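Given the coordinates of chain C, assemble chain R onto it according to the supplied hints.
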Amino acid sequence: MSKILIQATDMTIGYRDKVLYDGVSFDIKEGDCIMLCGANGSGKTTLLNALSKIRSCETVMIPTRIPKVTGFTAKEFIRIACFRQSDMGGRLSKADEKAIDTALDTLGISHLADRDISTLSDGEFQKTAIASAIVRRASVILLDEPTAFLDAENRISVLRTLRTLCDTHGTAILFSTHDLYDGKAVCTKVFALGADRRFRCATQDFDECVGTIFRKF
Amino acid sequence: MIRRKPFIMTLICLVALAMLAAADLAHGGATDTHVMIHLRLPRVVTAIMAGAALALSGSQMQSVLRNPLADPHIMGVSSGAALGAAIVTLLGGTSGFLSGLTTAGAAFIGASASACVILAVSRKFHSASTLLIFGVLLGFIANAVISILQFTSDAESLKIFYSWSAGSFSNTTWPQIAMTAAALLAGYAIAFSGRKGLDIILFGDEFASMAGARPSGIRLRALLSCCIMTGAVTAFCGPLGFVGIIAPHIAKAMTGTSAHGTNLPISLLTGAMICVGADLISQMSPTPLPAAGTLAITGIPVIIYILIKKPSL
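Going down the list, the protein sequences come from chains C and R. Numbered per this note's numbering, the first sequence spans residues 184 to 400. Numbered per this note's numbering, the second sequence spans residues 24 to 336.
Errors might be hidden in some of the hints.
Below 25 Å or equal to it, Euclidean Cα-Cα: the simulated BS3-like pairs (lysine-lysine) are [to be verified]:
#, chain 1, residue 1, chain 2, residue 2
1, C, K251, R, K28
2, C, K251, R, K182
3, R, K147, C, K236
4, C, K281, R, K28
5, R, K147, C, K258
6, C, K277, R, K28
7, C, K201, R, K147
8, C, K367, C, K201
9, C, K212, C, K236
Hints listed in this document are in silico derivations from the structure and should not be mistaken for laboratory results. Since the model is a prediction, treat every value here as computed from it, not as a measurement.
Bound-form chain C, shown alone (with noise of 0.2 Å):
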């Protein structure tokens, strides 16, 4: 039986004055891969968010579209996003150093890691970012619509590495995204939230809990 790493015991989304989802109950085990679907302002972001204040350093949540500055290697940008583990220079310790080493092998983008990251391909930078949540030895990585710049082949590639991730470190991810179709593909678990404004997680059957995002009942 793998760890229980979040769990969710009727919780209620949304905002001080504005109730998105209530009864809201899930938990997040070691290697799950979750896909989290909605339409556009269901609150996908807002509940990504809200688990990202959960545990805050084992939970490493990467925004959607984060800007390329010029001027940084992959690599930097790594040690950069460290800023927990790093001292007041910006340097890192000599484990953590090994750690970035073995995370760009880890998504295989070790030969990109003294590139500029203006211009690696977003699909490329996408598993930089990736990379960093494990430098920074996220148990939970969230992810927020990793795959919504991407072109086809890209956001495969993105979502593979992202079930590898599970299978073979036990990180446990949640990404949303509309590309329902990619998503089912690699997710072992879907969260979903419906039109009818309830909250969804299916282990199987993964159609029917997507279809809810639609559905009016």
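Leaving out everything else, chain R in the frame of chain C:
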């Protein structure tokens, strides 16, 4: 961008700065030690420190506002200083308690006041672009009040105000230079110790806060550092623009990186070089030219060049 060794770049900047400073000191031919110690040396030292301080301010502002054309001038700090100077020089003659204040003192108070307003609202505004627009508007208000004051002033006080607002590296005394040096040191210490925060904020507030940084804190720090440095420089040298915009870009082009640990020290040197260079040009004319005008005439073409070459900015 091509990466170059920061150490070699620092050396090149130091040598270039030393040569410019030597040329500036020697300009006008050999002279006695009195002229050297009381006229030329203070002028060159002031130019070096003013350039360094403005470049550091510009570098930080460009990062925390994520705008490649931001500098203290645009954020309204210089306009605040000008308003302070205008109130004292243009109204000072009539009211008793103001006449005791010097132009420099008033300018410093004005810079600090507008800086305080920006610092205060920076806690309210969480977006970098809103803060930038606020700074520009603040500058507009200050300039509007100045023009009203100018309209109602007599010729004599207008002349005093104009000579300050034209900008100059001359006329600084050694105690004033010491004050500027202290401000530069404090501002640099704040900037350099916060270099990793300046790096991460380039990737957006959302990414920075997700990684455990506090964007509003980083901005507050950078603005504080800018205010200390710009306040001192503007008080003694007048409102000088464009150095703060150009110097960080030159540093970035030289080192090929955007990392602040490397670029802050190099921007400091490139800023100093620009100001000493501008001073040298202004001294070459038969009557010394105002520093602000020389900087604008030499600096704006460089900014236009940056804009044309990198339209993505």
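Each hint, compared with the structure:
1. Using a Cα cut-off of 25 Å, the hinted pair C:K251 and R:K28 holds, with the two alpha carbons roughly 23 Å apart.
2. For the hint pairing C:K251 with R:K182, the CA-to-CA distance comes to about 49 Å; that exceeds 25 Å, so the pair is violated.
3. Taken as a hint, the R:K147 and C:K236 pair is honoured in the structure, with Cα atoms around 22 Å apart against an allowance of 25 Å.
4. Distance restraint check for C:K281 and R:K28: the Cα-Cα separation of roughly 24 Å lies within the 25 Å cut-off, and the hinted pair is therefore satisfied.
5. Distance hint between R:K147 and C:K258 is unfulfilled; the C-alpha atoms sit about 34 Å from each other, more than 25 Å.
6. Taken as a hint, the C:K277 and R:K28 pair is honoured in the structure, with Cα atoms around 22 Å apart against an allowance of 25 Å.
7. Distance hint between C:K201 and R:K147 is fulfilled; the C-alpha atoms sit about 23 Å from each other, no more than 25 Å.
8. Under the criterion of a C-alpha separation no larger than 25 Å, the hint pairing C:K367 with C:K201 is inconsistent with the structure, at around 30 Å.
9. Proposed proximity of C:K212 and C:K236 is supported: the alpha carbons are some 17 Å apart, at most 25 Å.
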